[in-house]
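Engineer: Listed below are the residues making up each chain.
There are 2 protein chains.
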Amino acid sequence: MVSKNTIKLIKSLALKKVRNKEKLFLVEGDKNVAEVLHSAITIEKLIATQNFLDTQKVDINKIGKVIEASPQEIKKASILKNPQNSIAVCKLPDSKKLPENFESDLSIFLDDIQDPGNLGTIIRICDWFGINQLFCSLQTADVYNPKVIQASMGSFCRVDIFYTTIEILTGMAAKNQISLAGAFLEGENIYEQKMPKKLLLIMGNEGNGISSRVEKKIEKKFKIPAFNTNSSSAESLNVSVATAIFCSEFKRQKHFPFYSK
Amino acid sequence: MVSKNTIKLIKSLALKKVRNKEKLFLVEGDKNVAEVLHSAITIEKLIATQNFLDTQKVDINKIGKVIEASPQEIKKASILKNPQNSIAVCKLPDSKKLPENFESDLSIFLDDIQDPGNLGTIIRICDWFGINQLFCSLQTADVYNPKVIQASMGSFCRVDIFYTTIEILTGMAAKNQISLAGAFLEGENIYEQKMPKKLLLIMGNEGNGISSRVEKKIEKKFKIPAFNTNSSSAESLNVSVATAIFCSEFKRQKHFPFYSK
Numbered sequence: 000m001v002s003k004n005t006i007k008l009i010k011s012l013a014l015k016k017v018r019n020k021e022k023l024f025l026v027e028g029d030k031n032v033a034e035v036l037h038s039a040i041t042i043e044k045l046i047a048t049q050n051f052l053d054t055q056k057v058d059i060n061k062i063g064k065v066i067e068a069s070p071q072e073i074k075k076a077s078i079l080k081n082p083q084n085s086i087a088v089c090k091l092p093d094s095k096k097l098p099e100n101f102e103s104d105l106s107i108f109l110d111d112i113q114d115p116g117n118l119g120t121i122i123r124i125c126d127w128f129g130i131n132q133l134f135c136s137l138q139t140a141d142v143y144n145p146k147v148i149q150a151s152m153g154s155f156c157r158v159d160i161f162y163t164t165i166e167i168l169t170g171m172a173a174k175n176q177i178s179l180a181g182a183f184l185e186g187e188n189i190y191e192q193k194m195p196k197k198l199l200l201i202m203g204n205e206g207n208g209i210s211s212r213v214e215k216k217i218e219k220k221f222k223i224p225a226f227n228t229n230s231s232s233a234e235s236l237n238v239s240v241a242t243a244i245f246c247s248e249f250k251r252q253k254h255f256p257f258y259s260k
Numbered sequence: 000m001v002s003k004n005t006i007k008l009i010k011s012l013a014l015k016k017v018r019n020k021e022k023l024f025l026v027e028g029d030k031n032v033a034e035v036l037h038s039a040i041t042i043e044k045l046i047a048t049q050n051f052l053d054t055q056k057v058d059i060n061k062i063g064k065v066i067e068a069s070p071q072e073i074k075k076a077s078i079l080k081n082p083q084n085s086i087a088v089c090k091l092p093d094s095k096k097l098p099e100n101f102e103s104d105l106s107i108f109l110d111d112i113q114d115p116g117n118l119g120t121i122i123r124i125c126d127w128f129g130i131n132q133l134f135c136s137l138q139t140a141d142v143y144n145p146k147v148i149q150a151s152m153g154s155f156c157r158v159d160i161f162y163t164t165i166e167i168l169t170g171m172a173a174k175n176q177i178s179l180a181g182a183f184l185e186g187e188n189i190y191e192q193k194m195p196k197k198l199l200l201i202m203g204n205e206g207n208g209i210s211s212r213v214e215k216k217i218e219k220k221f222k223i224p225a226f227n228t229n230s231s232s233a234e235s236l237n238v239s240v241a242t243a244i245f246c247s248e249f250k251r252q253k254h255f256p257f258y259s260k
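Read top to bottom, the protein sequences are chains A and B. Heads up: the first sequence begins at 0 in numbering that gives the first Met the number 0, then just goes up one per residue. Heads up: the second sequence begins at 0 in numbering that gives the first Met the number 0, then just goes up one per residue.
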């Protein structure tokens, strides 16, 4: 039985101010909840069907409260259009201390990414490409927005996300001898440029691209060339799609510079 | 002034059965509407702010009815959370006759893509990479779903989309001497394989991948290798992200096979 208060709490966690006040965030979607169950994140309340609880072999001692619920009850509590079989109310982790070093050869800084779906997809891309640290400008969407969590498909448990400024990162990059490169519509063709060995890649806002404040700090400007021949064609790629193409080309050049056949 | 009937019509066009009955579909978002204004698509009703109408220099003779509206009225009529300054109710084009040839060196077949955002993003990717024809299985999301139109950012005006079966495409591919390749989690590493000169790339459903019926027709299985070293890392990439990486690598091999520095 899911109480009215629990439903109210779940719905309210769509808002950042409530998340920060209650020190809680929401994880929905069975894949995401399963990942959280096996992570270091503390679950305060797990609302799930008996079937989900059985298949996940949940260690209930690790969870504040387990509430068995019918699919109908979960539908009522969920903030998703198509709810699944579980909802986890989790403890908001303390914000991570900014590291002194870039852990991976490739790191990413997001300059005011607004769309939660884009941020979540980029977190999933980082996880795939072995990028452990994702840096976000202070105006970038909140990682604990339920839509970000949803789109990350559990990858938010494995990628460290830091909110910081370009100025702080520039200082860190200088110490670590890492190049700053940005994705622009005009710049060097990524397929014709040898990528730096260590790179902080900067991706700009959906509508406005990289801000002028950030652009000043950038040493290299890269572009993904368009392959259409029609001048009226797509003006840009979605930012998560562009991020993926950059990561793919960086890793390809490093690990598979020439195809063998 | 936007009438109650117009608002009712707009809201109802979220449903495929209404779109097919009324032979109408919805275009929202100023960039999308601007693209439609310069396309061959017939606009039955354009609801827009005076400012939008001024900046677009709309030829009102080409439009059934222009309804000037305040931002508040547009918000009331819109099916978006964050409406902009225009909504176009457009005539549903007749479904296109299946072509006899593949126009581009790279074409794509989507095997039951469900998420409208993914389909729209893939249409935008096709436009960027000069892929004129996108083939979809009969169970793939409807291109005239407002969320598909929204995510395509106007690219739906430039990419020809056909709903068909793998059997019909296999026949066409044989005649055109084009290879069928699929994106799998296990397969040849795309960075180490020389891509066929002409390719029909097959991308599978978000949850289930490529269906066994379609898999039987596939000659080559490709994968995007993961670069993380942790076995618990992301199991897959979002399908639109994976499509973009495949297109990028295909075009790179063809146009920029070796970087020059």
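Hint data in this document are derived by calculation from the structure and do not stem from the laboratory. Take these hints with a grain of salt, some might be off.
Note: identical chains are not told apart, hence a pair may lie in one copy or across any two.
[Stated by the list, open to error] Below, a list of computed lysine to any residue pairs in the SDA-like style, where the Cα atoms sit at most 25 Å apart:
id: 1; residue 1: K56; residue 2: N207
id: 2; residue 1: K15; residue 2: Q138
id: 3; residue 1: K16; residue 2: L79
id: 4; residue 1: K193; residue 2: N131
id: 5; residue 1: K16; residue 2: P82
id: 6; residue 1: K193; residue 2: K216
id: 7; residue 1: K80; residue 2: L14
id: 8; residue 1: K193; residue 2: G206
id: 9; residue 1: K10; residue 2: L79
id: 10; residue 1: K253; residue 2: N229
id: 11; residue 1: K80; residue 2: L8
id: 12; residue 1: K56; residue 2: S232
id: 13; residue 1: K253; residue 2: N84
id: 14; residue 1: K3; residue 2: F161
id: 15; residue 1: K215; residue 2: L14
id: 16; residue 1: K95; residue 2: S69
id: 17; residue 1: K253; residue 2: Q149
id: 18; residue 1: K30; residue 2: S232
id: 19; residue 1: K80; residue 2: Y143
id: 20; residue 1: K15; residue 2: K64
The structure presented is a predicted model; accordingly, all values stated were derived computationally and were not measured.
Engineer: Would you mind marking each hint as holding or not holding in the structure?
Structural biologist: Hints, one by one, checked against the model:
For the homomeric pair K56 and N207, the shortest alpha-carbon distance between copies (23 Å) is at most 25 Å, but the shortest distance inside one copy (46 Å) is not. Taking identical chains as interchangeable, the C-alpha atoms of K15 and Q138 lie at most 25 Å apart only when both belong to the same chain, with a minimum of 13 Å there against 37 Å between chains. Within a single copy, K16 and L79 get their C-alpha atoms as close as 20 Å, and across copies as close as 23 Å, so both meet the 25 Å cut-off. In the homo-oligomer, the alpha carbons of K193 and N131 lie at most 25 Å apart inside one protomer (23 Å), although the nearest pairing across protomers, at 30 Å, exceeds that limit.
In the homo-oligomer, the alpha carbons of K16 and P82 lie at most 25 Å apart both inside one protomer (24 Å) and across protomers (24 Å), since each shortest distance falls under that limit. Proximity of K193 to K216 under the C-alpha cut-off of 25 Å is restricted to the intra-copy arrangement: shortest distance 20 Å within a copy versus 38 Å between copies. In the homo-oligomer, the alpha carbons of K80 and L14 lie at most 25 Å apart both inside one protomer (17 Å) and across protomers (15 Å), since each shortest distance falls under that limit. Taking the shortest Cα distances, K193 and G206 never come within 25 Å of each other, neither inside one copy (28 Å) nor across copies (36 Å).
For a Cα distance limit of 25 Å, the shortest separation of K10 from L79 qualifies both inside one copy, at 10 Å, and across copies, at 20 Å. For the identical chains of this complex, K253 and N229 are inter-copy neighbours only, at 19 Å across copies versus 33 Å inside a copy, given an alpha-carbon limit of 25 Å. For the identical chains of this complex, K80 and L8 are neighbours both inside a copy (18 Å) and across copies (22 Å), given an alpha-carbon limit of 25 Å. Proximity of K56 and S232 under a CA criterion of 25 Å is satisfied inter-copy only: 20 Å between copies versus 51 Å inside one chain copy.
In this assembly of identical chains, K253 and N84 lie within 25 Å of each other by CA distance neither inside one copy nor across copies; the values are 42 Å within and 46 Å between. For the homomeric pair K3 and F161, neither the shortest alpha-carbon distance inside one copy (35 Å) nor that between copies (47 Å) is at most 25 Å. Taking the shortest Cα distances, K215 and L14 never come within 25 Å of each other, neither inside one copy (34 Å) nor across copies (47 Å). Proximity of K95 to S69 under the C-alpha cut-off of 25 Å is found in neither arrangement, the shortest distances being 36 Å within a copy and 45 Å between copies.
With identical chains, the CA atoms of K253 and Q149 are never at most 25 Å apart, being 31 Å at best within one copy and 36 Å at best between copies. Taking identical chains as interchangeable, the C-alpha atoms of K30 and S232 lie at most 25 Å apart only when they sit on different chains, with a minimum of 13 Å there against 37 Å within one chain. Taking identical chains as interchangeable, the C-alpha atoms of K80 and Y143 lie at most 25 Å apart whether they share a chain (19 Å) or sit on different chains (20 Å). In this assembly of identical chains, K15 and K64 lie within 25 Å of each other by CA distance solely inside one copy; the values are 23 Å within and 42 Å between copies.
Hint check: violations occur at hints 8, 13, 14, 15, 16, 17; the rest are consistent with the structure.
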